[in-house]
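Undergrad: Each chain, letter by letter, is given below.
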Amino acid sequence: MLIIQNASKSYDKKKKALDDVSLIIKPGDLFGFVGHNGAGKTTLLKAISGIHQLDAGNISFEGLDINKDTLAFKSKIAYVPDHPDLYEQLTGRQYIDFIADVFKVSIQDREPFIQQYGGSFEMLPFLKQPISTYSHGMKQKTALIAALVHRPRLLLLDEPFVGLDPKASFILKEIFKSMTQAGMSIFFSSHVLEVVEKLTNKIAIIKQGKIIHQGLTKEVLGNQNLESLFMELS
Amino acid sequence: MYRLLLRTFVRERLSFRRLFGQKIARSKIQSVLMVGVLIYAFGVTSISNIILQYEIAQTLEVVDGLSQMLYQVVGSLSSLGFLFGFFQAQGYLFQYKDFDLLGPLPISQKTIVAAKLSMMLVFVYLFAFIVALPTYGVWWFVSEASILQVFFFVPMAMVAPIPLMLLGSLVSFMLRKLTQRWIHANVLQTIFSVMFIISFTAFNFLSNEILPSSWFSILEPFDVIGDWFVKGVADLNIWFTFMFIGFHLVILFTFISFMSGPLLKINQQRSNLMYKGQDKIPIRSQSVMHHLIQKEWKRFIGTSVYFINTGFGILMLTFLSFVSLFIPSTILEVRQTIIAMGFEPLWLIVAIIGFALSTVYTPAVSLSLEGKNINLLKSLPIQSWTMIQSKIYFNLVLTLPIIVVSTLIGTILFQIEIPTMILLMSMLIMFEILLSVFFMYLNLWFPRFDFHQEVEVVKQSLASLVAVFGGFSFLGALLWLALDFFIGFDLHLRLFLLTLIELVVVVLGGWFLKRKAEAYFQTFSV
Chain L
25 MLIIQNASKS YDKKKKALDD VSLIIKPGDL FGFVGHNGAG KTTLLKAISG IHQLDAGNIS
85 FEGLDINKDT LAFKSKIAYV PDHPDLYEQL TGRQYIDFIA DVFKVSIQDR EPFIQQYGGS
145 FEMLPFLKQP ISTYSHGMKQ KTALIAALVH RPRLLLLDEP FVGLDPKASF ILKEIFKSMT
205 QAGMSIFFSS HVLEVVEKLT NKIAIIKQGK IIHQGLTKEV LGNQNLESLF MELS
Chain F
117 MYRLLLRTFV RERLSFRRLF GQKIARSKIQ SVLMVGVLIY AFGVTSISNI ILQYEIAQTL
177 EVVDGLSQML YQVVGSLSSL GFLFGFFQAQ GYLFQYKDFD LLGPLPISQK TIVAAKLSMM
237 LVFVYLFAFI VALPTYGVWW FVSEASILQV FFFVPMAMVA PIPLMLLGSL VSFMLRKLTQ
297 RWIHANVLQT IFSVMFIISF TAFNFLSNEI LPSSWFSILE PFDVIGDWFV KGVADLNIWF
357 TFMFIGFHLV ILFTFISFMS GPLLKINQQR SNLMYKGQDK IPIRSQSVMH HLIQKEWKRF
417 IGTSVYFINT GFGILMLTFL SFVSLFIPST ILEVRQTIIA MGFEPLWLIV AIIGFALSTV
477 YTPAVSLSLE GKNINLLKSL PIQSWTMIQS KIYFNLVLTL PIIVVSTLIG TILFQIEIPT
537 MILLMSMLIM FEILLSVFFM YLNLWFPRFD FHQEVEVVKQ SLASLVAVFG GFSFLGALLW
597 LALDFFIGFD LHLRLFLLTL IELVVVVLGG WFLKRKAEAY FQTFSV
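Read top to bottom, the protein sequences are chains L and F.
In the numbering used here, each residue carries its 1-based index in the first sequence increased by 24.
In the numbering used here, each residue carries its 1-based index in the second sequence increased by 116.
By construction, these hints were calculated from the structure, which means they are not laboratory data.
Only a predicted model underlies this, so the values are computations on that prediction, with no experimental measurement involved.
Every residue, glycine too, gets a C-beta built ideally from N, C-alpha and C.
Please note that a few of the clues may not be correct.
To be verified - Keeping only pairs whose Cα atoms sit at most 30 angstroms apart, straight-line, the calculated DSSO-like set for lysine-lysine is: (1) L:Lys152 / L:Lys50; (2) F:Lys293 / L:Lys92; (3) F:Lys226 / L:Lys100; (4) F:Lys381 / L:Lys39; (5) L:Lys128 / F:Lys213; (6) F:Lys414 / F:Lys488; (7) L:Lys234 / F:Lys630; (8) F:Lys381 / L:Lys38; (9) F:Lys630 / F:Lys411; (10) L:Lys128 / L:Lys152; (11) L:Lys234 / L:Lys191.
Stated by the list, open to error - Output of the computed footprint for chain F on chain L, the stretches with three or more beta carbons under 8 angstroms from beta carbons of chain F: (12) 66–76; (13) 115–123; (14) 240–250.
Claimed, not checked - A short list of chain L residues far from chain F (calculated; beta carbon distances all over 10 angstroms): (15) Ile27; (16) Asp89; (17) Leu95; (18) Gln132; (19) Glu135; (20) Phe137; (21) Tyr141; (22) Gly142; (23) Gln205; (24) Lys234.
Please model the complete structure; the sequences and the hints are all you need to start from.
TA: Have a look at this one:
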């Protein structure tokens, strides 16, 4: 279970990018996170993944505190940024192997996995090529395969559907469903409100660093759709 | 984990594709040619250095001072360490650009710092082959040292650059910290960097006779460490070898232990910038060319490594012109010496200005420095030829004023007549235009947009390497034509003919460049 307690962060000591944010993501949750540009979505995702440090508050996952048990915490999660800045001179395969080695995934364990997801995302023929030759979508797929290779307990994704072709988007949604059914948690931000509405079991809406609405998707939405609720709240 | 990271960094930073660009990496013939050019360039530099060091060694051997060469080796390794630390640390060790990738991974910060420092050292080692190893090789040969001494030398040489590399990194970071909150942070950092590098170089070169001895007394404790190196390498003294290696490793591990935490915080807080001195944004409309040249100027003064490396010639000419105004009698003595040697004094002016201009190779790298912006530029309704022109014009804007000023000062001090001065100035201006066109070709042939740090383009790209050597070759050809091929001709006629030849090359080169500009740009992608 991911527990975020009273998380606050400011970049300029004036305006708060995160303002007393508290969230709980349980095993099996497929949690959608929506908000305007600059509302604080990426800041929170980066804080959970250890890229940003909070000014105040705590983040823990399965009893591990991000500041005290940093490496153990990180070994259970995976983060895919909106514009994956991968090592461009490596081939796709070398990059995935690098991440697998970091997480100590054995060759026997990683190989069928890479074949499976590489095949699903239609990336197998391209994994021998340097990442610098990839399109944005191909980099996104490579980052996704690498993020999934160690079967993280918590998957964090920033705008995961941007740049993906329709088939890859469909596959990713299927992967999300199967992962959550297996008890893993997924927390992702998106501007594609229809996807968030249909896919998630929980959502949170963030505005100017504050969570203004959160809960079970069905309960939060009621009779409305997410788009009309979002427009109403913003 | 350390080995895994280092292997990944080496693959990423030293891959053939990264060093030479995608275009060349795809062509086997071009790859072989480029490796040949590089081997030739490194070979020429190393062999020249070996010859020079051999001459020095013979003199030192007479006075029983061969060990001075080992002091030089450890000094040059340390200086290389400082320079690479200074130029690489920002963006690679501090506020590194792959933090978003490495940050979420379960790798300890100490391992990341150790791997990054090791990678920085790899670059020092590569350049040590040109700078320090020829000196050691000559010492080894002249002093008839044994193979065993090589085994003592290698580990000591590997750790020698560490302390000053760490110092250079910290200085670079401190400069960044001092200036980062100002809106013109990059410009301030460039100015401070130039001042610092000039001071560092001056301190390295000036002898005790020029600077007060008290200035050097602060360095006396470091002589002891140099002694350890010399005694370890020359006398095969195991105790001093261990002392030297141990001292350097203690510094390294202390840095890693104490700095890993602060480094993590620095990287995590990298967006916490609040700029001071927010100026009003002026709203004005100007020509596309004006915008493009202005953009070039801002990048030039805002990128320390770009400014220091390609602006060196301009700084040198400005400095020499200024200083020469205060020593007219010395200049006249030089003039008399040159005349006594049977040469015309103005060719010294050509050699000095030509050398300086060969190092101002902005068109050879400015296109690559666009990086991913090249896609944006290509998408705009601007002709490729206009973009190329802007880069050539920018180089001329930088160099023409100093050509005029330094030629004026040089010819006045050398008592050269006005008609000769005008012809000389025309020839030098045309030479600079020729160089600019040549440099532009280099960047079109060897573009490199996929860099992480500007230093990779400005100092380590193929275009920059060929630019400097090519510029010197053009100068050599010019002097050969003037002092050998056209030797029987009148001085004014020679200057006129040289200007004419340069003009023809520029017109042909420019015409071909204009014709091919669009085709070159079509091949560019990031």
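Undergrad: Taking only the CA atoms, is the gap from Lys234 of chain L to Lys191 of chain L under or equal to 30 angstroms?
TA: Since the Cα atoms of Lys234 of chain L and Lys191 of chain L sit roughly 34 angstroms apart, the hinted pair is violated (cutoff 30 angstroms).
Undergrad: Regarding the pair Lys293 of chain F and Lys92 of chain L, is the alpha-carbon distance no greater than 30 angstroms?
TA: Holds, because 28 angstroms separates the two Cα atoms, which is no more than 30 angstroms.
Undergrad: Starting from Lys226 of chain F, check that the Cα of Lys100 of chain L is at most 30 angstroms away, please.
TA: This hinted pair holds, its Cα atoms lying about 20 angstroms apart.
Undergrad: Just checking, Gln205 of chain L versus chain F, shortest CB gap more than 10 angstroms?
TA: 24 angstroms, holds
Undergrad: Using C-beta distances, would you say chain F covers the segment 240–250 of chain L, given that this needs three or more residues below 8 angstroms?
TA: violated (count 0)
Undergrad: Given the hinted pair Lys234 of chain L and Lys630 of chain F, is their Cα-Cα distance within 30 angstroms?
TA: Violated: Lys234 of chain L and Lys630 of chain F sit about 56 angstroms apart, past 30 angstroms.
Undergrad: For the pair we were handed, Lys630 of chain F and Lys411 of chain F, check the Cα-Cα distance against 30 angstroms.
TA: 22 angstroms, holds
Undergrad: Should the label of Gln132 of chain L as a non-interface residue stand, given a Cβ cut-off of 10 angstroms to chain F?
TA: 18 angstroms, holds
Undergrad: Can the restraint linking Lys128 of chain L and Lys152 of chain L be considered satisfied, given a maximum Cα separation of 30 angstroms?
TA: The given pair, whose Cα atoms are some 22 angstroms apart, holds under the 30 angstroms limit.
Undergrad: Can the restraint linking Lys128 of chain L and Lys213 of chain F be considered satisfied, given a maximum Cα separation of 30 angstroms?
TA: 24 angstroms, holds
Undergrad: Holds or violated: the segment 115–123 of chain L covered by chain F, criterion of 3 or more residues with Cβ-Cβ distance under 8 angstroms?
TA: With 3 residues in contact (Cβ-Cβ under 8 angstroms with chain F), the coverage given for the segment 115–123 of chain L holds.
Undergrad: Mind taking a look at whether chain F covers the segment 66–76 of chain L? Criterion is 3 or more residues with CB to CB distance under 8 angstroms.
TA: holds (count 5)
Comparing the model with each numbered hint stated earlier shows that hints 1, 7, 11, 14, 17 do not hold.
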